[in-house]
Amino acid sequence: MNNLLTIPVLLPMLGAALTLMLGPRPRAQRFVSVAVLVGVVAAAATLAVQAHTIGVQTLWVGAWPRGFGISLVADRLAGIMLTVASLVTLAVLVYSTGQDEAELRQETPVSIFHPTFLVMCAGVSAAFLAGDLFNMFVGFEILLFASYVLLTMSGTRPRMRAGSTYVVVNLLSASLFLTALATVYAATGTVNLAQLAMRLPEIDPGTQAMIQFMLLLVFGIKAAVFPLSAWLPDSYPTAPAPVTAVFAGLLTKVGVYAILRTQTLLFPHRPLTDLLLWVGLATMIVGILGAVAQSEMKRLLSFTLVSHIGYMVMGIGLATDAGLAAAIYYTAHHITIQATLFLVAGLMQRVGGSTSCDRVNGLATISPLLGALFIVPAMNLSGIPPFSGFIGKLGLLNAGIAVGTPLAWAVVVAAVSTSLLTLYTMAKAWNRAFWGKPMTASQMPDTLEEDDDVHEGRPMPGVMVGSTLALIAFSLVLTVAAGPLYDYTYQAAMTLRGGDYVRAVLAVVEP
Amino acid sequence: MTSSLALAVTAGVLIAAGVYLLTERSLTRILMGVLVMSNGVNLLFLVAMGRAGRPAIIGSTDPEAMSDPLPQAMVLTAIVITMAVSAFVVTMAYRSFQLNGNDEVSDDVEDARIRALAERDDVSDSYEDIKFSDTGEDVVSE
Numbered sequence: 001m002n003n004l005l006t007i008p009v010l011l012p013m014l015g016a017a018l019t020l021m022l023g024p025r026p027r028a029q030r031f032v033s034v035a036v037l038v039g040v041v042a043a044a045a046t047l048a049v050q051a052h053t054i055g056v057q058t059l060w061v062g063a064w065p066r067g068f069g070i071s072l073v074a075d076r077l078a079g080i081m082l083t084v085a086s087l088v089t090l091a092v093l094v095y096s097t098g099q100d101e102a103e104l105r106q107e108t109p110v111s112i113f114h115p116t117f118l119v120m121c122a123g124v125s126a127a128f129l130a131g132d133l134f135n136m137f138v139g140f141e142i143l144l145f146a147s148y149v150l151l152t153m154s155g156t157r158p159r160m161r162a163g164s165t166y167v168v169v170n171l172l173s174a175s176l177f178l179t180a181l182a183t184v185y186a187a188t189g190t191v192n193l194a195q196l197a198m199r200l201p202e203i204d205p206g207t208q209a210m211i212q213f214m215l216l217l218v219f220g221i222k223a224a225v226f227p228l229s230a231w232l233p234d235s236y237p238t239a240p241a242p243v244t245a246v247f248a249g250l251l252t253k254v255g256v257y258a259i260l261r262t263q264t265l266l267f268p269h270r271p272l273t274d275l276l277l278w279v280g281l282a283t284m285i286v287g288i289l290g291a292v293a294q295s296e297m298k299r300l301l302s303f304t305l306v307s308h309i310g311y312m313v314m315g316i317g318l319a320t321d322a323g324l325a326a327a328i329y330y331t332a333h334h335i336t337i338q339a340t341l342f343l344v345a346g347l348m349q350r351v352g353g354s355t356s357c358d359r360v361n362g363l364a365t366i367s368p369l370l371g372a373l374f375i376v377p378a379m380n381l382s383g384i385p386p387f388s389g390f391i392g393k394l395g396l397l398n399a400g401i402a403v404g405t406p407l408a409w410a411v412v413v414a415a416v417s418t419s420l421l422t423l424y425t426m427a428k429a430w431n432r433a434f435w436g437k438p439m440t441a442s443q444m445p446d447t448l449e450e451d452d453d454v455h456e457g458r459p460m461p462g463v464m465v466g467s468t469l470a471l472i473a474f475s476l477v478l479t480v481a482a483g484p485l486y487d488y489t490y491q492a493a494m495t496l497r498g499g500d501y502v503r504a505v506l507a508v509v510e511p
Numbered sequence: 512m513t514s515s516l517a518l519a520v521t522a523g524v525l526i527a528a529g530v531y532l533l534t535e536r537s538l539t540r541i542l543m544g545v546l547v548m549s550n551g552v553n554l555l556f557l558v559a560m561g562r563a564g565r566p567a568i569i570g571s572t573d574p575e576a577m578s579d580p581l582p583q584a585m586v587l588t589a590i591v592i593t594m595a596v597s598a599f600v601v602t603m604a605y606r607s608f609q610l611n612g613n614d615e616v617s618d619d620v621e622d623a624r625i626r627a628l629a630e631r632d633d634v635s636d637s638y639e640d641i642k643f644s645d646t647g648e649d650v651v652s653e
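So the protein sequences, as listed, match chains A and B. According to this note's numbering, the first sequence holds residues 1 to 511 in order. According to this note's numbering, the second sequence holds residues 512 to 653 in order.
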C-alpha cells in the first residue's frame, strides 16, 4: 500500500477547485496552479524512484480486499511516463502564465484556463496509474473533457470547426472503448489488468483476438496512428500554443502508453505484432509526407507528431525487450521535444506575427535567440547526434535489425527515411521562416490558412523564453543521462513482460 | 453464463441507429446518434452481467441469487459521462449556429484548401507554363 499513488490525481483536482474559486484573482490562481504541478512532479518522481528501487507500487483504494474495488499501480513504465508528463505540463503552464498577461486574459474573460488545465493533468495521471481498464477509461474521459474545453476556448470560428471534428471522433472512440469493456467483462468477469492478464489466456482464442483488436482500435484512435490519425492535424493547430503543446506532448502519448500496457501485459503472445509493425510503418511515412506539404508551422508540427508516433508503435510491434525499452525512451523524448517545438511555434507567432512560413521571414535576424530555440529541438526531432532523438532512434533501429525479419527490415528502412524527411521539413521551415529579410504585417501575403491572428511582431516575455529553455535543457538531460535512463526503460520493459506487475498487484501478502 | 437475446438485439439495433446518425453533418443529429448509441452500449453491459437477479444487498438477499452489481456501477459512470458530453455538444452546436447559422461539421482544412486553390485556379510552384522568353507567348497557342 502506498498512499502517494493518489497524489498525482487528487492534487490537481483540488487545485482545479481552488483555481476555479480564485477566478477573479489571476495572480493567486497562477501561484496555486504552479504549486500544485510542482507537487505532482515531486510525487511522480518519488513514485518512479520507488518503482525502481522497491518494486511495483500498488494501492487498493479504500482498503478493500485485493481483487475488489479500484487499484492504482505505478510500475517503472507508469513512473517514467508520469514524471516526464508532469514536468512538461509544469513547463507549459509556466509558459502560459507568461502568455497570460499579454494574450490569454484578453481572450478568456472567465478564467477557466487554469482549472481546466489542472483537470486535464489529473486525467492524464489517472490514465497512467489506473490498474484496471475501466478507470483507464474514466481517466481518458477526464482528460478528453478538459481537452474539449481547452480546444474550443473562446469559441472562435476556426476553433469551433476544429473542436467539432475532435469531439465527434473522441465520442466515437469512447463508445468503442465502452463496447470493448463490456466485451472484456462478459468474457472474463473482470476489468482489472492484473486479473485479466491471468484470465485472458484461458478463454477462447477467437474472443481474445477480438478483444485485442478492439483495444488496439480504441487506443489507436487516441494515439493517432495511421489510418486513424486524420483528426489530429485537423484539430490541434487552431488552439493557443500552450494548449497545443500539452496536447501534442501528452494526449497522444497516453494512447501510446495504453497500447504499450495492454498489448504487453494482456497479450504476451502478441498475435498482432505484424499488424503493429505495418501500422507503424504507414504512420511514419504518411505522417511525414503530410508534413512535407505544409507551410504553416503548427500544422507541420502536427504532421510530424503523427509521423513520430509511428516510431513508438514500431518499438511495441517489435515485441522484444530492446524494442520496448527503446519505445519507452522514445516516448519520454518525444513528449518533451514535441511540446518544446509547439512552444517555439507560439514564440514565432509572437515575434513574427504569424506561424505560417508564407508570412514570416528572417526571424533569425529579428531574434537570434528564437532561432537558437528552434534549431536545437528541431535537430533533436530529426535525430541528429548527439541529441536524445538520435539515441532513441538508434535503439529502435538496433532492435529492428536484431529481430531481422523482412518486415522488421522494411520498418527500419521506413524509420531511416522518415528521419531524413523530418530533417528536410525542419530545414525547409528554417530556410523559409528564419532566413531572409524580415517583413512587416502589411507586407505579408494572403494565404489560404484559416488562422487570421496576424499582427506586428511583439517581444518575447522572459517567462515564455525561460520555460522553453527549461524544456530544451530537460531534453539535453535526457541526452546526457541516456545511459542510466536506458537501463531504467530496459528494466521497465522487462517488468512489462515478466510477471512482476501481476504478482505485485494481486499478492496476498504485503511484500 | 446465460444472457438475454432480447437485450443483445436491442443493443445491436440502437448502436446501428446511432452509427447511422453519427454519419450525418449536423451536430444535433450527431448528438442524437451519440445518445442512442451510448444507450445501446450501456445495454451491452447488462448483457455482460448475465442473468438478472435480486438486489445486491448483503443480508437481505442470498449471495447466489444476487445480480452482478459491478456492470451497473460501470453503466452509471457511463451515463454520467454521456450526460456531460451531451451538454457540451449542445453548447457547441449552439455556438456553431451563432457563428455560421448552422451546426454542421465542416470540411477538413486540407479539402477546403484544395477547393480554394482550384477556385483561384492556382498551380503549384513546380508547374511551369512554357513561354518564349522574348515574345511571352504560349507555346501551346502557337
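Hints are supplied without guarantee of correctness; some may be wrong.
Claimed, not checked - With beta-carbon atoms standing in for the labels, derived distance ranges:
| no. | chain 1 | residue 1 | chain 2 | residue 2 | range |
| --- | --- | --- | --- | --- | --- |
| 1 | A | A507 | B | G523 | 39 to 45 Å |
| 2 | B | I568 | A | R25 | 44 to 50 Å |
| 3 | B | R565 | A | A481 | 35 to 41 Å |
| 4 | A | S154 | B | G612 | 15 to 21 Å |
| 5 | B | G523 | A | G23 | 45 to 51 Å |
Quick caveat, the hints were computed from the structure, so don't treat them as lab data. Even glycine gets a Cβ: it sits at the ideal position worked out from N, Cα and C.
Non-conforming hints, listed in increasing numerical order: Violated hint (a single one): 3; every other hint is consistent with the structure.
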